[in-house]
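Asker: First to last, the sequence lines map onto chains A and B.
With numbering that gives the first Met the number 0 as the guide, the letters of the first sequence map in order to residues 0 to 392.
With numbering that gives the first Met the number 0 as the guide, the letters of the second sequence map in order to residues 0 to 212.
No wet-lab data here; the hints were simulated from the structure.
Heads up, a few of these hints could be off.
Calculated pairs, DSS-like style, for lysine-lysine (alpha carbon to alpha carbon, straight line, at most 30 Å) [what the hints assert, rightly or not]:
#1 B:Lys196 <-> A:Lys211
#2 B:Lys53 <-> B:Lys196
#3 B:Lys53 <-> A:Lys249
#4 B:Lys173 <-> A:Lys289
#5 B:Lys206 <-> A:Lys246
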Amino acid sequence: MTDRKAQAGSLLSSEISPGLPWIPVSAQMHDHAMVVAGVPARKYYWDAKTFVQTYREVATYYGMDIIAPASDVYNFEIEAMGGKLVYSDNAMPTIDYRDPLIKKPEDLKKLKTPDFYKDGRLPFALDCIKLQKSKTGRFCGIFSMAVGLRSYPLLIRDMRRRPEFVDSLFNFIIDDVLLPFFKAQKDYCGITTAYGADAWACVPNLSVKEMKDWVVPYNQKLARKAEEFGVTAWTGSGDYCEEDLDKFDKDAVYGCFDIQLASRGGNELTLGMGNWHIYPLEPVREYTDKLRQQGINIFIRAGVNARVVRDGPVEKIIAIIKRYISTLARDHELTIWLANIPADTPAEHVHAAVAAAHTFGHKPLVKDLNKVKVEVPRRETFQEWKMKSRVVK
Amino acid sequence: MPDILQDLKKAVLEGDDEQALKLVRSALQQGIQPITLVNQAIMPGIQEAGILWKKNTYFQSDVIMSAEAFRMAMEVVEPLLTAGEVVSSKKIAIGTVAGDMHNLGKIIVIAMLRGAGFNVIDLGEDVPVDTFINTVKIQKPDILGLGCYMTTTMLEMKEVLKNLNDSGLRGQVKVIIGGVPTSQEFADEIGADGWGKDALDAVYKVKTLLGVS
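Generate coordinates for the entire structure from the input sequences, incorporating the hints supplied.
Answerer: The following block contains the structure:
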């Protein structure tokens with residue numbers, strides 16, 4: 000692990016307030032925040048001030064410890080290059096995968112670097128980062144952007160039949176889209192780090208081998224080039240999202256972890272959007288134990304599956320968080336991550352998750368977490384809370 | 000089995016759509032019956048892809064290529080089948096709900112269902128509630144499949160179920176849902192009859208709901 004990687008690995012930790020007395024909680028929840036606050040989608044996803052303020056308020060209402068408002072990060076670059084999106088009154092904009100911008104390989108030549116200050120909703124994306132006063136920028140990962148530009152079936156076919164075209168496409172994304180985007184984020188927002196969402200690059204969408212061949216080398220190339228002008232770029236590729244517990248494969252998990260470390264350039268692993276509430280956690284420990292023997296301590300972001308957060312019940316959510324903390328928190332830096340809270344999730348489920356993390360995760364950790372009882376607070380609605388907050392101010 | 004059928008099965012299994020097309024055309028020129036191509040090569044090819052998926056040998060990238068090869072082969076062969084050779088009398092209408100453009104899962108589910116012998120009507124993506132209702136009214140499918148990818152658009156599924164109830168059509172069709180944000184709990188909550196956690200599971204649930212082996 001290089002110095003750059005070691006440094007990057009501490010970036011997530013640095014988002015956590017020092018001296019926090021418990022295991023911190025964060026969430027991806029853009030759609031949920033919109034619905035809870037009752038903000039129309041056409042305002043929320045276009046007006047940066049509304050987006051950042053709404054997201055922050057809802058996260059504060061829940062008592063999140065890390066608040067990093069991220070919007071529809073897979074869309075901006077593609078939309079700005081002329082990609083077709085579908086807009087709605089009550090949902091996030093979405094790429095029309097039926098009508099990709101690159102219908103045939105020759106179309107790649109027609110694509111141009113967007114004007115980051117004018118095209119599509121890129122000004123919104125830049126303003127969102129600037130308003131957060133964060134040093135961390137956002138981008139769509141290379142593989143996911145390629146899917147958005149070409150569609151998944153066509154891109155997979157290209158990977159098998161026209162590898163030279165895929166190489167050109169990925170290099171275009173690096174040199175003509177992402178590096179200039181980082182420069183704009185640096186100039187306009189003062190970022191020093193950029194985090195790329197890359198949900199398409201996961202198992203089972205791709206095999207570990209496909210990710211090693213097609214995802215990691217380009218993520219690393221992007222990171223090297225970004226480093227030249229002072230931006231540390233890391234991409235969130237390599238999530239393990241197998242649906243079927245019967246198909247859980249420890250080797251594939253290890254492969255994904257290798258990809259995460261290679262792509263994220265740090266010492267952080269994310270147990271992301273998959274079914275980690277039912278997957279065994281022992282393989283995670285075995286993997287990190289080996290690294291610990293080499294002097295590398297791993298920071299773990301443990302995701303609570305979106306469907307579980309939505310469906311509940313509260314007791315199940317609490318039990319999952321207890322298991323994460325009990326198994327992983329004693330010898331890892333741990334955060335609990337509510338992985339994309341669905342729009343209509345009952346507020347009490349989120350309150351329960353936060354209460355569980357703060358209670359079980361209260362430092363120093365109690366030896367036997369079975370003796371710890373979580374009191375889920377009876378809370379007012381977001382609207383009542385907001386009203387009270389205004390009165391107090 | 001003639002070599003060409005084996006080669007065609009292999010082309011579908013390995014997701015080589017160009018080769019599959021070539022072999023279908025060549026087999027037809029040789030006088031092999033379209034139904035033979037379907038039953039002995041094209042369907043077994045996609046079915047084996049499903050088995051390899053289940054065994055963790057195939058990933059989504061492999062399955063989507065098989066599904067595409069299957070689709071392209073069937074596009075040539077299907078119009079040549081006679082009425083008596085229609086693979087199944089059981090009809091399934093499937094679409095992605097309004098506001099949602101994601102079609103990857105649906106492409107694979109459709110290929111797997113067709114590969115299992117069902118007659119599938121693809122309603123497309125971004126399908127309004129009314130289209131689902133009218134399809135049930137007019138085409139009378141045995142199963143209505145609803146897909147989504149976003150946590151906001153999954154709420155459209157509730158609307159479809161509500162409208163089926165309100166229009167008195169609920170009793171004549173089984174409803175199965177699928178897609179990343181959905182779950183068995185959500186299926187139960189909105190009153191769907193089943194939830195497919197992946198394409199193969201969807202086929203299994205459809206068979207169970209229809210009582211076919």
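Asker: Which earlier hints can't be squared with this structure?
Answerer: 4
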